[in-house]
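Peer 1: Per numbering that gives the first Met the number 0, numbering through the sequence shown is continuous, rising by one, with the last residue being 436.
Worth flagging that the hints you see were computed from the coordinates, not collected in a lab.
Heads up, a few of these hints could be off.
[Claimed, not checked] Pairs of lysine to aspartate or glutamate residues, derived as DMTMM-like cross-links and limited to a Cα-Cα distance of at most 25 Å, are as follows:
id	residue 1	residue 2
1	318	290
2	309	324
3	302	45
4	288	141
5	302	285
6	320	290
7	320	310
[Said to hold, decoys possible] Pair ranges (Cβ atoms, derived):
id	residue 1	residue 2	range
8	231	263	17 to 23 Å
9	330	109	55 to 61 Å
10	113	296	30 to 36 Å
11	316	160	44 to 50 Å
12	231	126	38 to 44 Å
Nothing here was measured: the structure is a model prediction, and the numbers come from that model.
Note that the Cβ used here is the ideal one computed from N, Cα and C, for glycine as well.
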Amino acid sequence: MAKKRTKKRTHKVIENEKIPKSFVVRFGKVGSTVSELVRDIRRVMEPHTASKLRERKTNKLRDYLMVAGQYGVTQFVLFSQSAMGTNMKIATLPRGPTLTFRVKQYALSKDCRALLKNPKSLGSEFKTSPLLILNNFGANEERGVQFKLMTTVFQNMFPSIDPSTMHLADARRVVLLNYNEETENIEFRHYLITVNAVGVTKGIKKLLNQEYTKNDKSGSKKKAELKSFEDIGEYVLNEDYASDSEIEDNGESSVVLPQNYIGRGNRKSEQRSVKLVEIGPRMELELVKVEDGMCEGDVMYHKYIHKTEKEIKEMKLKKQKMLTEKALRKKKQEENVEKKKALKESKKKNKKSASGKEQNDEDSSSEEERDPNSDNEKKNVEKGPNKKQKLNSNTNFKKTEPGNSSKAKTSTFAKKNTRQPARLGFNKKTKPRPRKH
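Model the full assembly from the supplied sequences, consistent with the hints where possible.
Peer 2: Here's what the structure looks like:
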């Protein structure tokens with residue numbers, strides 16, 4: 000008998016319930032650049048977002064709320080445009096809170112990549128969620144409750160990580176949020192993590208990583224040229240750097256890899272330098288308003304509008320009055336609907352009862368037509384005996400005297416027989432031919 004196979008690939012499956020998922024949507028009329036910004040933010044939030052979501056002009060917030068529960072969506076990122084500028088809302092499902100930001104400045108991903116000398120093609124980097132870094136978001140009582148709430152909302156937008164259990168190869172991107180105390184704005188940045196060799200020059204890096212340079216004349220890609228050097232040592236010892244970003248640091252960003260990482264030569268316990276390359280988008284956000292509910296409810300914080308306690312109480316009373324009036328209108332409307340339904344049902348019942356009576360009358364009349372015996376009995380009672388009954392009763396016919404047969408009076412039976420030629424097809428006006436004896 001064959002030996003039973005034991006499971007070896009017993010890896011832990013990620014619990015999808017704990018992973019935050021999002022919808023990035025635009026509302027109303029927005030420009031083409033805002034639409035591109037929405038696509039870039041979806042790219043940042045991948046893979047736990049609806050990257051191919053298509054909006055319509057007729058879609059409302061309730062349409063997305065009806066679908067969100069089926070897909071386990073936990074956050075909405077809503078973009079809109081007004082005369083004041085571009086706005087961004089981050090709403091937490093199902094009961095809020097909702098944070099409203101004003102986008103002071105922004106740059107698209109294509110603009111950020113255009114600044115790079117050697118931009119890399121991206122693809123597999125978006126299969127894993129980015130790492131979130133919050134800078135200058137420490138607890139401070141002077142900043143208010145809205146600051147703590149904003150910090151927790153940002154933390155809940157991305158999945159949490161455990162450094163002791165996570166795979167190093169899953170760390171491919173970084174989202175950096177920096178709070179500027181002077182302007183009180185939040186700076187949003189998106190970076191790509193790159194790992195390179197340490198202690199080698201630019202030429203050796205190209206040989207190790209097999210990087211390609213672009214020919215300006217033809218536009219085709221080719222390997223680094225060595226014909227301008229007389230000796231390979233000149234190429235190896237060349238310290239000419241293309242830009243300030245490529246200058247070697249003094250081991251400040253070098254680390255020893257605890258696990259294998261993606262790329263050539265990035266093995267465990269190797270020393271490598273870690274760098275961040277900005278891939279965009281870039282935003283500068285200003286917190287304007289904090290609402291208690293899902294895009295509605297009490298305003299917990301507003302940067303430009305400040306109200307006293309008296310005004311807040313008046314607003315609450317006014318709102319409560321509106322809600323009570325709305326409930327009364329709804330109740331009255333439901334009562335009217337029930338009355339109309341009852342009236343309609345009573346009309347239907349009356350109509351059915353009337354149609355039932357008519358049908359019973361028709362059935363009784365049809366039964367009378369179907370019973371011939373009852374009709375005959377009624378006729379006999381009213382009109383007396385029938386002709387056949389008369390014939391049966393008058394069995395003794397009168398005898399004619401001899402010699403007066405032509406003048407004799409015939410019986411009713413004989414009179415009846417005189418009409419027989421007309422029934423056989425003769426014309427009533429024509430007389431029958433005499434028979435030959």
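Peer 1: Please go over all the hints and tell whether each is borne out by the structure.
Peer 2: Results for each hint:
| no. | hint | verdict |
| --- | --- | --- |
| 1 | 318 with 290 | 15 Å, holds |
| 2 | 309 with 324 | 23 Å, holds |
| 3 | 302 with 45 | 32 Å, violated |
| 4 | 288 with 141 | 18 Å, holds |
| 5 | 302 with 285 | 9 Å, holds |
| 6 | 320 with 290 | 21 Å, holds |
| 7 | 320 with 310 | 15 Å, holds |
| 8 | 231 with 263: 17 to 23 Å | 21 Å, holds |
| 9 | 330 with 109: 55 to 61 Å | 56 Å, holds |
| 10 | 113 with 296: 30 to 36 Å | 42 Å, violated |
| 11 | 316 with 160: 44 to 50 Å | 47 Å, holds |
| 12 | 231 with 126: 38 to 44 Å | 39 Å, holds |
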